[in-house]
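Can you make the complete structure from the sequences, with help from the hints?
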Amino acid sequence: MMAPLLLEGSMFYFILNRLAQALLVMAVVSAISFSLFNFVGDPVNNMVGQDATREQRIEIRQQLGLDDPILVQYQRFMLNVAQGDFGLSYRIKQPVSQLILERLPATLELVFASAVIAVLIGIVLGVYTGIRRYSWVSKIIMSVSLIGVSLPTFIIGIGLIYLFAVHLRWLPSSGRAGVIELGGWKTSLLTIDGWRSIILPAVTLSLFQLTMILRLVRAEMLEVMRSDYIKFARARGLANRAIHFGHALRNTLVPVITIIGLNIGGLIAYSVITETVFQWPGTGLMFIQAVDFVDVPIMAAYLIFVALLFVVINLIVDILYFVVDPRIRRGGS
Amino acid sequence: MAKLDQSNSRWQRFLDNDIVYSFFTTPGAIIAASITFIAITAAFAAPLIAPYNPFDPAQISLWDGKLPPAWSDGGSSAYLLGTDNQGRDMLSTILYGGRISILVGIAAVFLGMLLGVTLGVISGYFGGFTDTVIMRIADVQLTIPGILVAILINGIGRAALPLELREEFAIYVVIVAIGLTDWPQFARVARGATLVEAEKEYVQAAKLIGLPKITIILRHILPNTLRPVLVIATIGLALAIIAEATLSFLGQGIPPTTPSLGTLIRVGNEFLFSGLWWITLFPAIALIILVFSVNLLGDWMRDALNPKLR
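Chains A and B, in that order, give the protein sequences. If you read the first sequence in the working numbering, its first letter stands for residue 1, the second for the next number, and so on. If you read the second sequence in the working numbering, its first letter stands for residue 1, the second for the next number, and so on.
Careful, some of the hints might be misleading.
Not everything, but these chain A residues come out facing chain B in the computed CB check (under 8 Å) [said to hold, decoys possible]:
hint	residue
1	Tyr162
2	Met299
3	Phe310
Incomplete in silico selection of chain B near chain A, CB under 10 Å [stated by the list, open to error]:
hint	residue
4	Ile151
5	Pro255
6	Val291
Source of the hints: derived by calculation from the structure; they are not laboratory data. None of the values given here were measured: they were computed from a predicted structure. Beta carbons are placed, not taken as given, at the ideal position from N, Cα and C, and that holds for glycine.
And the structure:
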């Protein structure tokens with residue numbers, strides 16, 4: 001028999017609960033974004049400049065609806081935001097949503113490239129250090145990874161720039177080159193120049209996640225290699241390769257995939273730093289520049305954008321956990 | 001003599017304490033604590049031990065600008081670690097910069113601790129709806145990486161200041177931003193400790209004899225939350241120093257007029273391409289050593305104070 005839909009502990013109730021929480025978070029973040037317009041800078045000054053006449057100012061105020069009650073203004077803001085309209089950037093005088101959409105491919109490609117690097121190299125090194133636990137290569141990898149975790153991202157970026165751009169002159173130090181447009185999506189992954197320019201930022205961004213994946217895969221491998229079915233596989237006389245990759249690695253993948261999913265958010269967070277270090281023209285750099293110029297519409301939009309991203313990621317992870325782990329279903333949070 | 005005996009036994013008791021014992025038998029902890037201690041002392045004694053005062057124009061000459069470290073070609077023995085583009089002695093600017101980094105880190109952790117422990121103890125002691133609201137907020141904030149929260153809060157704070165006040169108040173904005181990022185960790189730990197403590201018989205007894213809630217919280221609950229809070233504070237200090245350096249490096253933190261280590265790295269970064277590596281490298285090394293030793297100290301403390309929490 002099916003569980004009653006609205007009973008505590010049912011999947012429907014759980015999702016509804018989390019959905020309500022997500023909506024609450026978005027409401028709070030959008031309220032903060034909205035209040036930025038009122039408390040940060042003077043929107044009229046930003047529209048017409050310092051030397052506008054009093055009549056011009058009053059006219060602008062009325063046009064913008066700044067004299068309406070605050071709740072009316074908030075409602076209007078929310079309606080616009082729901083339609084993806086964040087107003088015009090104070091500095092560039094273009095629709096913010098358009099600016100974000102222009103910058104988004106750069107950020108997403110950077111995050112994607114880093115994720116690929118982190119997953120591929122992380123798993124390969126993790127498997128190696130897990131199987132050859134006591135070899136000196138493994139020991140070197142593990143010590144280097146420990147240092148990698150404790151170094152601040154921007155210092156790793158500077159170090160890589162100095163080594164590969166200044167000293168060896170192999171790769172460009174900053175910017176996003178070789179961009180071509182492909183059906184409205186501006187990509188830099190199809191040209192050699194583009195590849196050259198994404199390598200350093202992507203490696204910088206991936207290092208932390210790479211280390212996490214490496215350590216996780218290694219720990220899981222060590223755990224699995226001790227289990228009975230691996231011993232049994234050995235007793236059956238299977239080749240090492242079949243045991244390591246067919247049996248052991250496959251069983252380590254569930255926690256690894258969970259962690260990777262959870263860490264997409266981390267990549268997006270740290271992309272703000274990486275983009276600034278490498279002057280990579282993505283959304284993170286846009287936010288930092290917006291702060292410098294008090295470009296409130298961009299700041300507000302970025303805030304909502306980031307909150308939405310994390311709310312969606314967490315919602316998906318929560319629901320996946322619920323599906324995978326039956327213990328969560330028995331009440332408790 | 002009796003007095004001496006007593007102090008001896010006190011010393012002995014101090015040495016027998018499990019934490020002190022663990023400290024003196026863990027070489028890593030001794031090294032980390034020594035480096036941390038030296039770094040903090042050096043930073044705070046900067047005006048006394050630094051060879052120059054980098055903020056005194058009379059002691060800076062542009063002629064001595066961009067000198068490499070003393071041991072390399074063209075270096076001067078007057079400037080051990082070389083000079084920056086304005087002719088300031090690197091060793092001195094690092095000492096002064098380290099002082100600001102450490103001060104900001106400590107202030108931010110203290111703010112986060114104050115906020116987090118207060119909310120955590122309230123949450124744990126009163127439970128119910130208050131508890132749900134506070135811990136839900138903490139949960140939500142913890143799902144977003146701390147550095148991003150700090151960047152966002154700091155950005156809003158900066159933008160809210162009029163341009164002419166930005167440099168002057170930047171340091172406070174940074175402290176508040178990092179403090180507001182830190183609090184959920186403290187709140188969780190303090191709440192957990194409070195829940196355990198509130199169940200104990202002596203607290204029940206204190207309730208029975210009618211002590212006011214505030215007395216019970218301050219006298220009985222709070223002191224017992226301090227051990228785990230101290231661990232979080234030490235690890236938090238390393239994270240706060242990194243966060244400050246990151247913000248300053250992004251140009252969103254401490255201004256170049258009173259540079260922190262992060263600001264020094266940012267300024268030096270512009271000269272990296274002209275081969276003046278020492279202007280960036282030395283502040284970066286100072287930052288790494290500082291963070292690394294505080295981290296190591298925090299790790300040891302976590303193991304020593306709470307063997308279950310590994």
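Check each numbered hint from earlier against the structure, then list the numbers of those it violates in ascending order. Hint 5 is the one this structure does not satisfy, whereas the remaining hints hold.
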